[in-house]
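Chemist: Below, each chain spelled out in residue letters.
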Amino acid sequence: MLALLASLPYWAQTLLRLLGGITAVLLPAGTIVYVFLFKMMSFMQSRLGPMEAGPFGSMQLFAEVGKWLQKEDLYPERADRFIFKIAPLVVLSSTFLLVAVVPFGPDAWFTNFEAGVFYALAVSSVSVLGILIAGWSSANKYSLLGGLRAAGQLIAYELPMVLAVIGVVIQAGSMNLQQIVVAQNAGSIFGWDGLGNPYILTQFLVFLIFMIAVQAELTQTPFDMPIAESELVSGYMTEYSGFRFLIFFIGEFATAGVFALIASVLFLGGWGVPFAWFGWTDVNSIDNWMNIVGPLIMFTKMMVLVFLIMWVRFSYPRFREDQLQRFAWKVLIPLSLGNILLTSVLKVAF
Amino acid sequence: MAKIPGLLKGLGVTLGTMVETVTKGANTVQYPHEKETPPIRARGVIALHEGNCTSCMLCARSCPDWCIYIEGHKELAPPRRAGGKPRQVNKLDRFDIDYALCMYCGICVEVCPFDALFWSPEYEYSEPRIADLLHDKSKLGEWMETVPEAPELEAGAEKKGKK
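Protein chains in written order, with numbering that gives the first Met the number 0: chain A, 0 to 349; chain B, 0 to 162.
No lab work stands behind these hints, which were simulated from the structure alone.
By construction, the Cβ of each residue, glycine as well, lies at the ideal position given by its N, Cα and C atoms.
You can trust all of the hints, since none of them are fake.
In silico lysine-lysine, DSSO-like type, Cα no more than 27 Å apart, as pairs:
{"no.": "1", "chain 1": "A", "residue 1": "Lys66", "chain 2": "A", "residue 2": "Lys84"}
{"no.": "2", "chain 1": "A", "residue 1": "Lys329", "chain 2": "B", "residue 2": "Lys8"}
{"no.": "3", "chain 1": "B", "residue 1": "Lys73", "chain 2": "B", "residue 2": "Lys136"}
{"no.": "4", "chain 1": "B", "residue 1": "Lys73", "chain 2": "B", "residue 2": "Lys84"}
{"no.": "5", "chain 1": "A", "residue 1": "Lys329", "chain 2": "B", "residue 2": "Lys2"}
{"no.": "6", "chain 1": "B", "residue 1": "Lys136", "chain 2": "B", "residue 2": "Lys90"}
{"no.": "7", "chain 1": "B", "residue 1": "Lys8", "chain 2": "A", "residue 2": "Lys300"}
{"no.": "8", "chain 1": "B", "residue 1": "Lys90", "chain 2": "B", "residue 2": "Lys138"}
{"no.": "9", "chain 1": "B", "residue 1": "Lys34", "chain 2": "B", "residue 2": "Lys138"}
Here are the simulated distance ranges between beta carbons:
{"no.": "10", "chain 1": "B", "residue 1": "Pro63", "chain 2": "A", "residue 2": "Val330", "range": "51 to 59 Å"}
{"no.": "11", "chain 1": "B", "residue 1": "Lys138", "chain 2": "A", "residue 2": "Thr22", "range": "53 to 61 Å"}
{"no.": "12", "chain 1": "B", "residue 1": "Tyr122", "chain 2": "A", "residue 2": "Leu204", "range": "50 to 58 Å"}
{"no.": "13", "chain 1": "A", "residue 1": "Lys84", "chain 2": "B", "residue 2": "Tyr68", "range": "47 to 55 Å"}
{"no.": "14", "chain 1": "A", "residue 1": "Pro75", "chain 2": "B", "residue 2": "Pro63", "range": "32 to 40 Å"}
{"no.": "15", "chain 1": "B", "residue 1": "Tyr68", "chain 2": "A", "residue 2": "Ser240", "range": "37 to 45 Å"}
{"no.": "16", "chain 1": "A", "residue 1": "Ile188", "chain 2": "B", "residue 2": "Leu14", "range": "25 to 33 Å"}
For reference, chain B alone in the conformation it holds in the complex (with noise of 0.2 Å):
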């Protein structure tokens, strides 16, 4: 008996919101009809920089899930300054990222020291072949079109990197 006031309550909650939902409308949005705008720092996708990445391979190394194929060569570079040393540089021939693997985790970005990997927030790949969710060099520097400018820093944080 004494649970009766609580239970008429529930009922209310349910009414109102069906009420709420037709006059007002929905929370939801009809999706590929309307989007909602990802928020800053949403992890949709990897892009890759490649002029920065020098195929180090902490990338490859720190992902949980082995989902970074990473295969390069050592080339001689012409030399800074005049009459110096042919300089030894790390080309880089593939970089593929699976994202039928992919945990999103985002260790990769984090541990690139180079600044070659980005979050972009374009989530709409899906594929209807998984092989075709493996996204090589090419495909992750076409993300890099996508990726938005750095949001600002919190107020007190200190940049690192090149001044």
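This is chain A alone, in the form it adopts within the complex (with noise of 0.2 Å):
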């Protein structure tokens, strides 16, 4: 598979790798947004949801989408013009950096990168910013209070999120998203080798922090203060329309199924399938039929993720911005240090 790649020409390497990339953010959010946010939230509060467009509604996101593309490119006469124009690329940009560094399979990455967990958690902070400078340069009051209040909450969230990571990187001895990957799979429960050893088991604080922590980053509902729509319109997104904001929507659940991805390699096992199953023993004995079947088993993984995402975002009322804030400060931060200390300590006794 790997030597196929490299014979190809750098440009249609290039190629395949832009066209992976795009398929890995929109497949993904497209469907999201048609299994849960139309049909599961729908059910949840006994209804239909869409019908008409296709079987069962299935064709209603393009109709959306073909709707959103008709619009006028409005902006605010006393906008940022330039800086408007360009935040919602900002975010989805972010999605795409992260998506990079996410291993679908033996030899199914983008890039192979030592230090991926930081990466992905320094690329993800870039949508603060996207998000800051779409509040600020709207010229709204509405967007500028989102505005804030999403870097107030995101800045909030990264930590816990980071400090309960430290957790995984520990236990897992590598940085590597594909060594985290392997080392679950070839691990064993106190020998016993048929499940491997998912991180979810010995780390399920750390998984619980982090789903919470990717919750507040998506701003998706307990955690929606940014966007609150009854008190601030949308925030930040307020004075957006059309594709862009098209883009903020797609930047919203593409992340959502990015961070699913991220949380499947690090508590779930990623692509893999515990190795004892075919007698591999590392990364490089495993057969090539793993490089299809491991997408598909990464997209399972993603959805179950997504589904307690969702789940929690269509059952909860929002949070305060204080106890919003207090809950990220005085309970998840010292949660994940404390897990540190645990864990290290763990480690060096085992």
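Combine the two chains into a complex, taking the hints into account.
Modeler: Structural data, given as structure tokens:
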């Protein structure tokens, strides 16, 4: 597989990577919007959701995208026009940068990056910048308030996320996401290797902290203070319409998908199946078909994790701003610091 | 910590509703394909029984939105009994209700002393042009066909009007 890819000219490799990246961002985003936002939310509210466009409304998203693309590209008179226009692109670009580091199979990766976890967490905070400049450049007090709230929230929840992931990094002994996948699937629980050693078992607290922080990073509902439609219209997105709103919309759900992919890599064993099932020992002995099956396994795990995110989103009311900050600084950060300590002690002990 | 059972219960409610919707169907109906019958005394559209109207203007005057337009003129009608004086009657020229303004309060129906206005449960009369929401005398008369029989009075209620 790798040899085949290496035999291609450079432009063809770049094109393939580009297509793969676009697929890895847009396919999960579309699926998440249809399956969860349109259908699951409707079912949880005892209604059917879109039913007219295509069988069971499955073409609804194309109708919506078509509608958004037709709209005029509006901007407020006093907006900082250049900044206003690039803000959604900054948000979406952080999603694309994020997916670049996710491994989808033994050879199916975009970059096999040694400091993968570090890179992913650093790049995910670029979207804060996009949101902040969107709120600032709109020349609108709702947008500004939303942007500032978003900045405060995303910075507050970045910390527990980073600190929580350190627990996984210590246990895996690597910041390379591919190594973390291999470490989980090649691992064993007290000598029993039928399940590998997915870190959700040993690092369940980290998993919880990570998912809560992801929920806040995505500004999904219990943490949707920056958007808070009942008080801030639509927060930093208030002045956006047409395809710039569409880009924000794709960015929101694509990032949900990519964060779920990263969570599945960190906690659920990523693309792998326990190596003991097929008698593999390390990443080089894995059969080639895993490059096809791996992405499907990743996709399934992503859907499960996004289901959790969306389930929480559709169930809970919004946190107040002070509750939200207190929860991050006084509960999640001390917990994740304690977890680092505990994991380090156990790592040295075993 | 004490809030965790409540949080889990909340997740259970949404998941339970989802399972119920998938297995037993939704609480909603798919409107253009299936329709619910409106409840009794539903306020859909106001129908005019032209023969009962005396163009007394009570409805137009009591309308909070001023959405009823009435024009009429006086006419002489033949006397009731032979040899009598010709009667003077009000002839209705125009009776329009502008449903773009109407707020469905039903005061006109209540206030009409001659039972000329009725509630009909029909509700599908939206128009692409707002001016078409002005229903004239003949259109209001057509709605009379859709007016249901008056529902049974409650036990103990006294019937007003002619015995």
